[in-house]
Amino acid sequence: MQHSPSNPAPGPLTQSTHAEANIVTSPDSTLRLAGEEPVTKQHQKVVVLAGNPNVGKSIFFNAYTGKYVNVSNFPGTTVDIPKGQMADGSLLKDTPGIYGLSGMSEEETVAEESIFGADVIINVVSALSLSRDLFLTQQLIDYGRPLVIALNQMDEAKARHLSIRIETLETLLGVKVVPTVALTREGLKEVIQALPKASLGHRTPDSPEPEALRELEKNPGERMKIYGHRRYHVNAITSQVVTDESHPENFAKRFGQSLGAWLLNPLVGLLAMACVLLVLYQVVGVWVAGDLVNLIEGDILLAHVIPVIQSMVSPLFPVGTAFYNLLAGEFGVLTMSIQYIFGVLFPLVLGFYIYISLLEDCGYLPRVAVLTDGLLGKLGLNGRAVIPIILGFGCVTMATVSTRVLTSQRERTIASALLAITIPCSAQLAVISALMAKAGGLVGWGVYLLILVIMMSGLGSVLNRVLPGRSTSLVMDLPPMRMPSLGNIAKKSWIRTKVFLIEAAPLFMLGSLIVAVLQTTGLLLAIQNWLSPVTTALLHLPGEAAQVFIMGMVRRDFGAAGLLMMGDTLSHIQVLTALVVITLFVPCLASATVIWKERGPLESTVTIVGSWVLAFGTGAFLARLFEAFPIF
Amino acid sequence: MTLIQAPVGKMVRIERIEDETMAMMAIRLGIAEGEMVIVSSKVPAGPMVIRRGRVDVALGRELCQSIHVSLVS
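If you're matching them up, the sequences are chains A and B in order. So for the first sequence, my numbering puts the first residue at 265; every next one is plus one. So for the second sequence, my numbering puts the first residue at 3; every next one is plus one.
Honestly, the hints are just simulated from the structure, not real lab data. Be careful, since some hints might not be right.
Said to hold, decoys possible - Taking lysine to any residue pairs in the SDA-like style, the calculated list, with each CA pair at most 25 Å apart, reads:
| id | chain 1 | residue 1 | chain 2 | residue 2 |
| --- | --- | --- | --- | --- |
| 1 | A | 755 | A | 452 |
| 2 | B | 44 | A | 518 |
| 3 | A | 642 | B | 4 |
| 4 | B | 12 | A | 500 |
| 5 | A | 482 | B | 35 |
| 6 | A | 489 | B | 72 |
| 7 | A | 489 | B | 35 |
| 8 | A | 489 | B | 54 |
| 9 | A | 861 | A | 345 |
| 10 | A | 489 | B | 70 |
| 11 | A | 489 | B | 18 |
| 12 | A | 642 | B | 6 |
| 13 | A | 309 | A | 329 |
| 14 | B | 44 | A | 721 |
| 15 | A | 453 | A | 330 |
| 16 | B | 44 | A | 525 |
| 17 | A | 461 | A | 449 |
| 18 | A | 482 | B | 21 |
| 19 | A | 489 | B | 20 |
| 20 | B | 44 | B | 21 |
| 21 | A | 422 | B | 40 |
| 22 | A | 489 | B | 4 |
| 23 | B | 12 | A | 425 |
| 24 | B | 12 | A | 533 |
| 25 | A | 422 | A | 434 |
| 26 | A | 482 | B | 26 |
| 27 | A | 453 | A | 428 |
| 28 | A | 422 | B | 54 |
| 29 | B | 12 | A | 523 |
For reference, chain B alone in the conformation it holds in the complex:
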């Protein structure tokens, strides 16, 4: 499933990021393949907020649709 489909409050593992530019941006911010993040909140038809460690990061919807994740908890 993609990040956008992940339920709020759950921890997910990032498996793969489709778009190359986006993958690069994400890696620099710490969202790398293999990384665990918690889905903090989702804005309907808008971006979502994920928490990695102690930092909340808002990610545009399009980006979230290109991040493939698997559920951890």
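Excised from the complex, chain A in its bound form:
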């Protein structure tokens, strides 16, 4: 007898402030069960965590269920609904951070569904932003949902000399309020102990019954009035509860504040961003993607692990047979996926996540989002999209998964397309820089980057115009700049990497299986032969370049590496043309499968076919342009 989302807790209990939450039942549950066998199984209590983005819900979830979800300083990272079992056997659900229940985004709809399916809600509220957070709290109360408030970040509130009168807050809202510091687990047990005391609270004065209210809120005009009224009520509560007792500000706070403000200055911000990207390139691009990957992939996996796998397969299927090739050959499912997943992806993704988590937790990333918002706005995105784009330079597959943090489907479509087509991943960048050193040098880099920037802004602007609707304006809290906790960063990066690999590994294996089949059946060669006239006629490249493009589909860096081997036979113009083509060309098979999964068949087909047309079109144009105006 789980409550259905369309069947909220009934009216009679709304006036009692201390109704026991676990006895709230819906009156028609017997009707729904009529004709069925009597249910003997006991109803599992459903507890839902709800709150604004960035208030620490995920830490509660982690503590109560023993699972770890992303905890971050960047708003909006929990999009799925993680579920877990609590110690007393209840089911706990986490929800995406939301500011209210208005069905304005997928996150709100998803959260609303969980909230109306809950027996009791733990509303996590930040002591630092009470007036903002209490809007959702008051809406939950007005909707007749039984809840307990976990007033989190009490330590930071104290550090900022905010005094919060908890008893007054309890009296005004009519619900239990438990002060907590989730990071150090203070008060978490008390929240659980308070659950049986969950209550429906005091609705906004003159607010109609919950069901009538929800109906009314569907009417835009009425909704504005109700929201204005609720906001007024919440602000009145806040002003009675919070007092600012801060004395002259201390040094750390002032430093954090001025640093935060400086980073928003375009010039300083730009310089800081350049430094951050340079360090990123050096650390993750050169050391991790280059040295560490060479060590793990070459010296460990290729030298010691792969031969063992091959020697295990060969007694079953002799070397040279089709099955051997499928399993342990050059593109074998076992050999290539292990080599790629553990040798390349794992170090790369972990390195990227550590770096990104560091930027996120010190409060830097949200400021980059603010700085880039104006530019990204022209591409139909907002500042939040800077995260997937930075991640894209690490691994496009990982970045495509992270487009889930964007608010609307429209933005996700644009960001995925930009990632798939215009962003070279780090595996590829490493080989590209090796090639550029031989051919073109700085001029080569300049032209290459210029072309990518033109393609990116062109593609973004076109999509922004063509796609229906308009993108959402940025509304984002700027967390204070602070020293990140290294423990949290380590834990978070590790979990993110693990989650990504679990999700992506089967796709990589599927990708290598497809290639292995193509290779053993001879289709790979056939495609290459079929493609070679195109490369000769269209791109003015030697026929063998076709192989480079096909390899680029398997693994983007394979393509670039193939070029490196052909290096001496190609002119600088040819190298540059080929590099642009393999960058714009479809992303690797793994990211293609992720795009398929995230964006659906139609959109992914358009993206992939579009990338072919763009890649070969641009390549053909460049080849002719540079032949007419030789710059090298």
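Given chain A, put chain B in place with the hints provided.
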């Protein structure tokens, strides 16, 4: 004047928000009509940051152009 025209460092009172969806988003975050906020900083051709109480909120340029304000101090 609209929020985008308000000078940095000044406190303003929010008078009216034009776009309905934006008004709703703003109210939920605490930026309601009648509210006092301080203009924290502006990114040229980009968003602006306002401070309400102790929370800094970044608002997209388009949104700021639809918020009408009056100067308080």
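Taking the hints in turn, this is what the structure says about them:
Note on residue 755 of chain A and residue 452 of chain A: the hinted pairing holds, with a Cα-Cα distance of about 20 Å set against a maximum of 25 Å. A hinted pair counts as satisfied when its Cα atoms are at most 25 Å apart, and residue 44 of chain B with residue 518 of chain A qualifies at roughly 19 Å. Taking the CA atoms of residue 642 of chain A and residue 4 of chain B, the gap is about 22 Å. The hint holds against a cut of 25 Å. Taking the CA atoms of residue 12 of chain B and residue 500 of chain A, the gap is about 24 Å. The hint holds against a cut of 25 Å.
A threshold of 25 Å between alpha carbons decides the hint, and for residue 482 of chain A with residue 35 of chain B the separation of about 21 Å falls inside it, so the pair holds. About 22 Å separates the Cα atoms of residue 489 of chain A and residue 72 of chain B, which keeps this hinted pair within 25 Å; it holds. Under the criterion of a C-alpha separation no larger than 25 Å, the hint pairing residue 489 of chain A with residue 35 of chain B is consistent with the structure, at around 11 Å. Restraint check for residue 489 of chain A and residue 54 of chain B: satisfied, since their Cα atoms lie roughly 22 Å apart, inside the 25 Å limit.
For the hint pairing residue 861 of chain A with residue 345 of chain A, the CA-to-CA distance comes to about 18 Å; that is within 25 Å, so the pair holds. As the CA atoms of residue 489 of chain A and residue 70 of chain B are separated by approximately 18 Å, the hinted pair is consistent with the 25 Å bound. With a C-alpha separation of about 13 Å, the suggested pair residue 489 of chain A and residue 18 of chain B falls inside the 25 Å cut-off, and the hint holds. Pair hint residue 642 of chain A plus residue 6 of chain B holds up; C-alpha atoms about 18 Å apart against a cutoff of 25 Å.
Distance check on the hinted pair: residue 309 of chain A and residue 329 of chain A sit about 14 Å apart at the alpha-carbon level, within 25 Å; holds. Between residue 44 of chain B and residue 721 of chain A, the direct Cα distance comes to roughly 24 Å. Compliance with the 25 Å bound is thereby established for this hinted pair. Between residue 453 of chain A and residue 330 of chain A, the direct Cα distance comes to roughly 14 Å. Compliance with the 25 Å bound is thereby established for this hinted pair. Between residue 44 of chain B and residue 525 of chain A, the direct Cα distance comes to roughly 10 Å. Compliance with the 25 Å bound is thereby established for this hinted pair.
Straight-line distance between C-alpha atoms of residue 461 of chain A and residue 449 of chain A comes to about 21 Å, which keeps the hinted pair within the 25 Å bound. With a CA separation close to 17 Å, the supplied pair residue 482 of chain A and residue 21 of chain B stays within the 25 Å bound. At roughly 15 Å between alpha-carbon atoms, residue 489 of chain A and residue 20 of chain B fall within 25 Å of each other, so this suggested pair holds. For the given pair, residue 44 of chain B sits about 21 Å from residue 21 of chain B by alpha-carbon distance, which is consistent with the 25 Å threshold.
Of the pairs offered as hints, the one joining residue 422 of chain A and residue 40 of chain B holds, with about 23 Å between alpha carbons and a cut-off of 25 Å not exceeded. Between residue 489 of chain A and residue 4 of chain B the alpha-carbon distance is near 22 Å, which keeps this suggested pair within the 25 Å criterion. With a CA separation close to 24 Å, the supplied pair residue 12 of chain B and residue 425 of chain A stays within the 25 Å bound. With a C-alpha separation of about 23 Å, the suggested pair residue 12 of chain B and residue 533 of chain A falls inside the 25 Å cut-off, and the hint holds.
Taking the CA atoms of residue 422 of chain A and residue 434 of chain A, the gap is about 19 Å. The hint holds against a cut of 25 Å. Note on residue 482 of chain A and residue 26 of chain B: the hinted pairing holds, with a Cα-Cα distance of about 13 Å set against a maximum of 25 Å. With a C-alpha separation of about 21 Å, the suggested pair residue 453 of chain A and residue 428 of chain A falls inside the 25 Å cut-off, and the hint holds. Taking the CA atoms of residue 422 of chain A and residue 54 of chain B, the gap is about 19 Å. The hint holds against a cut of 25 Å.
This hinted pair checks out: residue 12 of chain B and residue 523 of chain A have alpha carbons roughly 20 Å apart, not beyond 25 Å.
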